Amino acid sequence: MPDMTKSDTATAEPDSVDAATPAPQPAKSEKTRSLWGDAWQDLRRNKIFLISSVLIVLLLLITFFPGWFTSGNPAYGDLSKHYLQKPQLGKVFSTEWLGYDQQGRSVYARLIYGARASIAVGFGTTFAVTIVGGLVGMIAGYFGGIVDSVLSRLVDVFFGIPFLLGTMVTLNSFPERTAWVVIGALSFFGWTQLARVMRGAVITTKQSDYVQAAKALGASTPRILFRHILPNTLAPVIVVATISLGVYIGSEATLSFLGLGLNGVSWGNDISDGGSSIRIAQWIMLYPSIMLTITVLAFIMLGEAVRNALDPKTR
Amino acid sequence: MGRYVARRLLQMIPVFFGTTLLIFLMVYALPGDPVRGLFGDKGGSPQVIAALRHQYGLDQNIFVQYFNYMKGIILHADFGTQIASGRPVTDVLGDAFPVTLRLGGFAFAIEIVLGVGLGVYAGLRAGRAADTAVLLFTLLLISVPVFVLGFILQWIFADELQWLEPNVNDASNYGQLLMPAIVLATASLAYVSRLTRTSIAENMRADYVRTAIAKGLPRRRVVTVHLMRNSMIPVVTYLGTDIGGLLGGAVITEGIFNIQGIGGTIYQSIIRREGTTLVGLVTILVLVYLVASLLVDLLYAVLDPRIRYA
Numbered sequence: 001m002p003d004m005t006k007s008d009t010a011t012a013e014p015d016s017v018d019a020a021t022p023a024p025q026p027a028k029s030e031k032t033r034s035l036w037g038d039a040w041q042d043l044r045r046n047k048i049f050l051i052s053s054v055l056i057v058l059l060l061l062i063t064f065f066p067g068w069f070t071s072g073n074p075a076y077g078d079l080s081k082h083y084l085q086k087p088q089l090g091k092v093f094s095t096e097w098l099g100y101d102q103q104g105r106s107v108y109a110r111l112i113y114g115a116r117a118s119i120a121v122g123f124g125t126t127f128a129v130t131i132v133g134g135l136v137g138m139i140a141g142y143f144g145g146i147v148d149s150v151l152s153r154l155v156d157v158f159f160g161i162p163f164l165l166g167t168m169v170t171l172n173s174f175p176e177r178t179a180w181v182v183i184g185a186l187s188f189f190g191w192t193q194l195a196r197v198m199r200g201a202v203i204t205t206k207q208s209d210y211v212q213a214a215k216a217l218g219a220s221t222p223r224i225l226f227r228h229i230l231p232n233t234l235a236p237v238i239v240v241a242t243i244s245l246g247v248y249i250g251s252e253a254t255l256s257f258l259g260l261g262l263n264g265v266s267w268g269n270d271i272s273d274g275g276s277s278i279r280i281a282q283w284i285m286l287y288p289s290i291m292l293t294i295t296v297l298a299f300i301m302l303g304e305a306v307r308n309a310l311d312p313k314t315r
Numbered sequence: 001m002g003r004y005v006a007r008r009l010l011q012m013i014p015v016f017f018g019t020t021l022l023i024f025l026m027v028y029a030l031p032g033d034p035v036r037g038l039f040g041d042k043g044g045s046p047q048v049i050a051a052l053r054h055q056y057g058l059d060q061n062i063f064v065q066y067f068n069y070m071k072g073i074i075l076h077a078d079f080g081t082q083i084a085s086g087r088p089v090t091d092v093l094g095d096a097f098p099v100t101l102r103l104g105g106f107a108f109a110i111e112i113v114l115g116v117g118l119g120v121y122a123g124l125r126a127g128r129a130a131d132t133a134v135l136l137f138t139l140l141l142i143s144v145p146v147f148v149l150g151f152i153l154q155w156i157f158a159d160e161l162q163w164l165e166p167n168v169n170d171a172s173n174y175g176q177l178l179m180p181a182i183v184l185a186t187a188s189l190a191y192v193s194r195l196t197r198t199s200i201a202e203n204m205r206a207d208y209v210r211t212a213i214a215k216g217l218p219r220r221r222v223v224t225v226h227l228m229r230n231s232m233i234p235v236v237t238y239l240g241t242d243i244g245g246l247l248g249g250a251v252i253t254e255g256i257f258n259i260q261g262i263g264g265t266i267y268q269s270i271i272r273r274e275g276t277t278l279v280g281l282v283t284i285l286v287l288v289y290l291v292a293s294l295l296v297d298l299l300y301a302v303l304d305p306r307i308r309y310a
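Chains as they are written, first to last, in full-length UniProt numbering: chain A, 1 to 315; chain Y, 1 to 310.
Extracted from the complex, chain A is given alone in its bound form (with noise of 0.2 Å):
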């Protein structure tokens, strides 16, 4: 998978966090103002994190609930209104809105309903790789020695494979390709990155004197982990697991481009299928595509806009 984050995770140090107030905090007063107290005072003038959030949220509401947005069946096909039959751009959100496919599906339908493949895949593969590759990355970075070294060879095994070829042999052996199944490939080679990511910054955090404090005061490794490390490591995990989210729903696309995706109603689906009718229905694929670039285009605006709320340096 590509890694945008490389060279700019570590500019969200964690020395610049306030080490008394390592849990997110409303910002109340001007004098003890956390991290999280200031990015989310950034954020909220920033038109772009507003614009993708907006995005986010229409796509959930899609998402749960197709039905407020169409009438359509994404399944039905009526032949007689086979791909010949032009989008109708004035009737807005009806079937024929932009035009059916080959088999005389509604486009809008299946747009609507296709969103369900792609926010699932995208949301589950991000929880599983942050939680897997954050427990690796925390306990290779707290431990060090030898413990590290075996969890980075791990890490290095997996990550030598190419993503794609990966999850391409993991999903050919399943013919029920649930989004599950789906979740389940992507993640099997996409925690590596977050395991990289998260171990960096524990390795940061550990030596910081709060946390040596916290060892001296006789604390227990979870509660040192997870109360004094954890806190202060997770804004460059939120950071690259936003934009991941926007590469697996890409990722999950190209797979159904390649036949080795999701079954049933899916962008990728059905940008495939219209990939081979461009040259006389353009609609059937473009219109799928728009929405796919837009989702992933919204998820990774905001990964960006959220890191530069939390780099101290671009304030």
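Listed below are the simulated DMTMM-like cross-link pairs for lysine to aspartate or glutamate, each with C-alpha atoms no more than 25 Å apart in a straight line: (1) A:86 with Y:160; (2) Y:215 with Y:304; (3) A:47 with Y:131.
By construction, these hints were calculated from the structure, which means they are not laboratory data. Keep in mind it's a predicted model, so treat the numbers as computed, not measured.
Following the hints, put chain Y in place on chain A, whose structure we already have.
Below, chain Y alone, put in the same frame as chain A:
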């Protein structure tokens, strides 16, 4: 230096075996059988299937198979036999690899020239309109999935405008490879330009840049010699890991433009569950990745004399 390289090479050994074992286990332990696949829906007689499985060593314990396979690679550079065609995998690779190498190399060149160029352009104008324009452009490039871009470029430039050939029928013709190479390069190009931009914008404030300007060096020299050299470390890191990514991404690009390269071979061998071909190809990709990351580390010392490998 020598000791550092030796240590890195030693560290690469477990990673190499780990990665190949992982892909080997995935290919063979997951359900599916290349020999059965040879017969299609009709199915072959159990005796024939058993004989073929024995011939390709598929009836042995999986770790024995892995051991034999690796022994073949290391001792005789023998990557096994492609089951569907009966040809040695090295032959299949010999046909496909040069094509992909040309495509990947072309894409890599585009990625470096355009990516670094755009990044430097934006980085020198950090915070201004040109910078924002480049930022939005690269964000868009990252968000459009490669296969969408491939379809759309093919439709616009080959079908509508008829400037370029829609498919590549002669892989030694760089004119035909131009469109696939651009498609393959786009996402990486965007990352490269963003990394360059961040790095340049950060180093613009460095003391040595101020000194260089103060002592009256021409701007051109400040940018190309002082600024660029110091800003290239994150970019070179990305470029190193991206070589493997380009070869993997070729699966999609080669599919769209009908290029007979390594991507198509990989795709076919995944669909047909051709274990030997697939493991052979991935082994080579892993080797390329490991060597590239070693070279990147050594390049650090060239770019930044403060970094020394004792």
